[in-house]
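The primary structure of each chain is shown beneath.
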Amino acid sequence: MTGKMIVADGGLDVVALLGLDQVPAPASPTLDAEVGRRVRDARRRAGLDAKDFAEQVGLSRDKISKIEHGHRRVSPRELPAIARALHVSIQSLLGSAGAERPTLALAHRVATTAPRQDTSGARKRAIEVLEAEARLERNAGLAASRLSPGGAAIEQLVATQFADVPRTRAEAQRQGRHLAEEVRRALELGIAEIGDLPALAEMHFAVDVALSPLGDSSDGLCAHDGHQALLVANTDYTLGHVRFTLAHELGHHLLRDPREIIEEQTSDMFGASYRERRVNAFAGHLLLPIKAITTTLAWLDCADSDIETANARGRTALGYLMTRYGVSLQCTLSQVAAAGVVPVSAVSALKDRLPAGALVRAAGHLISERPEPVMIIRDHRPPIRLVNAALDAARAGHVGLHTVAVLLGRKDDDALFDEVMLADGSESLDPDDGTGRIGAMVAVTSGVRSRR
Amino acid sequence: MSTTARLWFLETSSRLSLAVGPDIEAAMLAEIGSDPAVVIDVVADEIEWRTTKPTTRTLAKTALARMPGDWIQMDTSGVVDIADIKQAQADVADGRVLSDEQQHWAESVIIALGRGRRSAKIGSLSRSDRRGW
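So the sequences go chain by chain: A and V. Take the first sequence: its position 217, counting from 1, is numbered 217 in our numbering, and each next residue is one higher. In our numbering, each residue carries its 1-based index in the second sequence increased by 452.
So that you can see chain A by itself, here it is in the shape it has in the complex:
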């Protein structure tokens, strides 16, 4: 099929004016073949024979056959007619744009590997973030995330010392603790509390972190491959639980879990596998190191027996550790047991016996202005690298505001437009926008003179 040009009284040749080249046929052999296969599959699903289908579309059977076998390119004009006849969307015939890109490929695998038919909130969040990232990569030259020197040292360490999956529970515990201590050493954290865990993960380990309230969806998700890594944590849980979940997912990533997509409920995270035990040990020791416990107990003059009997001093100490280090009672007790302060066998009974909120309140006079680890924050925290890039790209016109809205978890509305686009005082708003859209009229400035 050849492109013919234009009509009109003035004999204006739009193709020549724009400097358009004839598209060679086939222009995109792979895409032509894929579209042809989808057309054939959709036609068969619709129960249409080639003759009826050809009549509906207004093409000859021969042309339909060539399209279905990838020997003839579908024209922009024919594709909508084909989609209508098959009762499918144009997009479904074309497939996902740029699906060959690694980021979109990972998003696709997140979407298609769900164990249940319905996609969970965590997966949906991961997919929309990865798709936004892919748009930023393509349209705005998004810079790749980078390891900090400390992060690079940890990556090297993992490659050399943590290649083997633990074979015993004790080995899993040892490995998790060892890695957490090495992370603290590499990042020069000492025994300090980690205030902004998402920022720490992003800053040092080249991951993107998205926190979102996801209802009764999974607790967390880690999607990673050789190209990028995204950690998602559900904030419809207590702060301590969310932080532990995030540290747990970070552990999966740092330890190079061979699964590309790891989506976990609480029961999965605390499963019996040595792999899970290892990342739980990592999470616990990263958030609340042993030395922090012993130092704190010494400072508070709190004996082991105070903890085990859970007397007033012991409860205050536990509440202080929970609040300062932002961890749950379960995590605190597990770490206290790992420190040898109480026997492991006592943890369960203590957890059942002690109300977490009361412990935090008991330590209120020692520590203030900290979010309580027993509170459910339900906050929405976008990946910082991506949201910064999206803001720049939206202001430069390289992506739409929807990309910003998705990352921020906000509505794509006028308020967001004003905040994003007018934040730097620019006056780039199209005056038409104030009175409603009148359509996308595309003006091409060229050397042609006005006809009148």
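It should be emphasised that the hints constitute simulated quantities derived from the structure, not laboratory data. One thing to keep in mind: the hints can contain errors.
[Stated by the list, open to error] Covered stretches of chain V (chain A as the covering partner; in silico rule of three or more C-beta atoms under 8 Å from a C-beta of chain A):
1) 493-502
2) 524-531
3) 538-544
[Stated by the list, open to error] Which chain A residues face chain V? A few, computed with CB under 10 Å, are given here:
4) VAL14
5) GLN22
6) SER75
7) ALA81
8) ILE90
9) ALA132
10) LEU401
The beta-carbon is built from N, C-alpha and C at its ideal position, and this holds for glycine as well.
Mind docking chain V on chain A? Use the hints.
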């Protein structure tokens, strides 16, 4: 005396907007002025199709009846690649789920045409489409 020469491509919603009422029509025609205006085949087809849909039938019929006689009708076959249109549609959608099977298709053909040009500058009056050109 020469003026800034502009060539307008009108996509489906702008063609339908013309049919909404005389004020909008007058405003749009004033903006286009004496510049040549182009309606590509995909837009024309979509408007024809929309005459069969209850929600757009009236507007679409009016739009067809009121198309100025000197507007250029353009056959896009052979001058734009489906792969380029596909990418343009993804860019315009910007991650949104498309609300109907043809949403942004005609617009994306125009954008792909613009991206494929060797000469001329291209710009859009649509807020949502101003990106990546």
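So, going through the hints one by one against the coordinates:
no.	hint	in the structure
1	493-502	holds (count 5)
2	524-531	holds (count 8)
3	538-544	holds (count 6)
4	VAL14	6 Å, holds
5	GLN22	6 Å, holds
6	SER75	4 Å, holds
7	ALA81	7 Å, holds
8	ILE90	6 Å, holds
9	ALA132	6 Å, holds
10	LEU401	8 Å, holds
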